[in-house]
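**Student:** Following the hints, put chain B in place on chain A, whose structure we already have.
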Amino acid sequence: MSHHRIDKRFADLKHAGRKGLIPFITAGDPLPEATVHIMHALVAAGADLIELGVPYSDPVADGPTIQHSSERAIARGVGIKQILAWVSEFRQIDSTTPIVLMGYLNPIEIYGYARFAEQASMAGVDGVLIVDVPVEEAEAVAPLREMGLCEIFLVAPTTTDRRLAAIRARAEGFIYYVSFAGITGASQLDTAAVRARVEHIKQGGSIPVAVGFGVRDATSAVSVAESADAVVIGSALVAQLAATSDRDSAVAAAHAFLAPIRAALDQAVRR
Amino acid sequence: MSMNKPIPVSDFHAYPDAQGHFAEYGGIFMPETLMPPLEELTAAYLAMREDPEFIAEFERDLKYYVGRPSPIYHAERLSNKIGGAQILLKREDLNHTGAHKINNTIGQALVARRMGKRRIIAETGAGQHGVATATVCARFGLDCIVYMGAVDIERQKINVYRMKLLGATVVPVVSGSKTLKDALNEAMRDWVTNVADTFYIIGTVAGPHPYPMMVRDFNAVVGREARAQMLEQYGRLPDVLTACVGGGSNAIGLFHAFLNDREVAMVGAEAAGDGIETGRHAASLSAGRPGVLHGNRTYVICDDNGQITETHSISAGLDYPGVGPEHAFLKDSGRARYVGITDDEALAAFHELARTEGILAALESSHAVAQAIKLARELPKDQLILCNLSGRGDKDVHTIAAREGIEL
Chain A
91 MSHHRIDKRF ADLKHAGRKG LIPFITAGDP LPEATVHIMH ALVAAGADLI
141 ELGVPYSDPV ADGPTIQHSS ERAIARGVGI KQILAWVSEF RQIDSTTPIV
191 LMGYLNPIEI YGYARFAEQA SMAGVDGVLI VDVPVEEAEA VAPLREMGLC
241 EIFLVAPTTT DRRLAAIRAR AEGFIYYVSF AGITGASQLD TAAVRARVEH
291 IKQGGSIPVA VGFGVRDATS AVSVAESADA VVIGSALVAQ LAATSDRDSA
341 VAAAHAFLAP IRAALDQAVR R
Chain B
513 MSMNKPIPVS DFHAYPDAQG HFAEYGGIFM PETLMPPLEE LTAAYLAMRE
563 DPEFIAEFER DLKYYVGRPS PIYHAERLSN KIGGAQILLK REDLNHTGAH
613 KINNTIGQAL VARRMGKRRI IAETGAGQHG VATATVCARF GLDCIVYMGA
663 VDIERQKINV YRMKLLGATV VPVVSGSKTL KDALNEAMRD WVTNVADTFY
713 IIGTVAGPHP YPMMVRDFNA VVGREARAQM LEQYGRLPDV LTACVGGGSN
763 AIGLFHAFLN DREVAMVGAE AAGDGIETGR HAASLSAGRP GVLHGNRTYV
813 ICDDNGQITE THSISAGLDY PGVGPEHAFL KDSGRARYVG ITDDEALAAF
863 HELARTEGIL AALESSHAVA QAIKLARELP KDQLILCNLS GRGDKDVHTI
913 AAREGIEL
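Chains as they are written, first to last, in the numbering used here: chain A, 91 to 361; chain B, 513 to 920.
Keep in mind that a hint or two might mislead.
What the hints assert, rightly or not - With a straight-line cut-off of 25 Å between C-alpha atoms, the simulated SDA-like cross-links for lysine to any residue are:
no. : chain 1 : residue 1 : chain 2 : residue 2
1   : B       : K690      : A       : G153
2   : B       : K629      : A       : R253
3   : B       : K690      : A       : T250
4   : A       : K171      : B       : R801
5   : B       : K886      : B       : N592
6   : A       : K171      : B       : Q819
7   : B       : K593      : B       : R603
8   : B       : K629      : A       : A276
9   : B       : K886      : B       : E864
10  : A       : K292      : B       : P548
11  : B       : K629      : A       : K292
12  : B       : K669      : B       : Q819
13  : B       : K690      : A       : R166
14  : A       : K171      : B       : T821
15  : B       : K690      : A       : G275
16  : B       : K629      : A       : R252
Don't read these hints as lab results, they were simulated from the structure.
Here chain A stands alone, though its shape is the one from the complex (with noise of 0.2 Å):
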């Protein structure tokens, strides 16, 4: 059921010769009576699958931006229990926008594997993008593919082919391809050097390539996802988020940050 929603989702892009867009948001930040409200803004705003992040005390991966946005929901108490409700209540209203859970272990560890499977699975969830589980400790996670979850995983500029073999075994939905070896949020993107490792990944089989880190408006977006099946935009929309106060600010805030890239990117495919 889960992987059916991501797998139609790329599929239904291919086949329309368009390019995906995945924005990423802090679950529960700027405002945690906002975050279902922003999702549907987003998808209104034309994007294609929405990644999800659970916040984590200690985020090692990211940069300034999304490490503060967590604290501000870990402060406001927010837990996987809740995302999960939320995503529950996304669904009563959309039913096909894929959804993947994007954060670190712990979280999951502590909550416990089969209870999280179980739930996040009956709420809808589609995937799991856990930072911090490469392919080598991969079965900490089995349950969760057990219940149905696409278990996605990252490939970075250092990710020996050797291990990019091992991924493709296992990667299930899209990969994430790592634009830089960094942190979320820099700006070191170098289009050329993508292109080039996104064409290398893609020779090897057919699952789709998403792009994140350092795509931060339509230009950055455009140029990665000349190569790209799809281009992720995490820590530019949350600062956005961060700068409003109330929902119906962050809402809009999220619109029109997202309308415009969702037009770029249509209109760069029709050129």
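**Tutor:** Just chain B, lined up with the frame of chain A:
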């Protein structure tokens, strides 16, 4: 809370396995970007530890630069005053830079140099590992950047200045709780960004594989020496070992050579802060639960949402919400036990050792001394307790004075 049955273990020296697992603990829980460099480091280190030239280089520096071997000293007046078992101190406080930490930083700096990495990063809590890293970077001509929590910088000003005198750059970390765990996060972010030319010298037996193994190997000189010294000076092994446990590097250093000597008991002293029941402590093994932090599975202190929570100890070096995975394994296997020592107990032990033996112990090590005193009270006079005096207390005199309301 884990109530695992003891794991039967035939050879404690057979751990970790090739993926860095100590039974269910350890491993490599890191972002993909760092996996290839970790693989590279593991391969390089495994080759070096079999290389007689590398071993000779390491041992030469331990002897002539660090000043090893450190003696075992019989704390006779202290033992007599207590009236129970005999307390013996492994004097790691007499090493160059004043703690066991330099055993590891010498080893890792040699690994970095052989791998051609000239930019060194490190994290530090109390500043002891930072000083030990800055020291070896000066010794080997390497660039040194030390990440330190802003709160720790405030409470360890002297060590901050020592690092600067040694040519290191100290970077304040203002994220999270602004202490050791956040310094570790920031060092990892630096590493993920500068992975091509940078070597990360982790200061304790935590982090992703191969660090828990590598840091243990470099500190295991403490236990190897101690085992030989015991046989030479006393004709037998000690009855009990005790050491303080934050991340756990000095404790593993002492314990490791004795792990297969089943008759030798082992007790790790964790920081119970204001008391474990108050929630203001740093006793991961005594009061935490299995989880994943900083690249390995171990006991962690976190809330029900899996968020790592703030810890407390009078000693900055023990103020860490995780612990080395090998200690988690030793706890579950029943080979070692771990107990909490409060701030007050550690302070009392600090004064007792100062007055009876003329030794100012580090606040970290004072936790081990407090545990040794407790054990000595319970055990007969002919029993031998070997306590790792992992560092000297000069760095802590301001903290102690402030705690006791004395203005210097």
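**Student:** Among the hints numbered above, which are violated by the structure, and what are their numbers in rising order?
**Tutor:** Numbers 3, 11, 12 - these are the hints that the structure violates, sorted from lowest upward.
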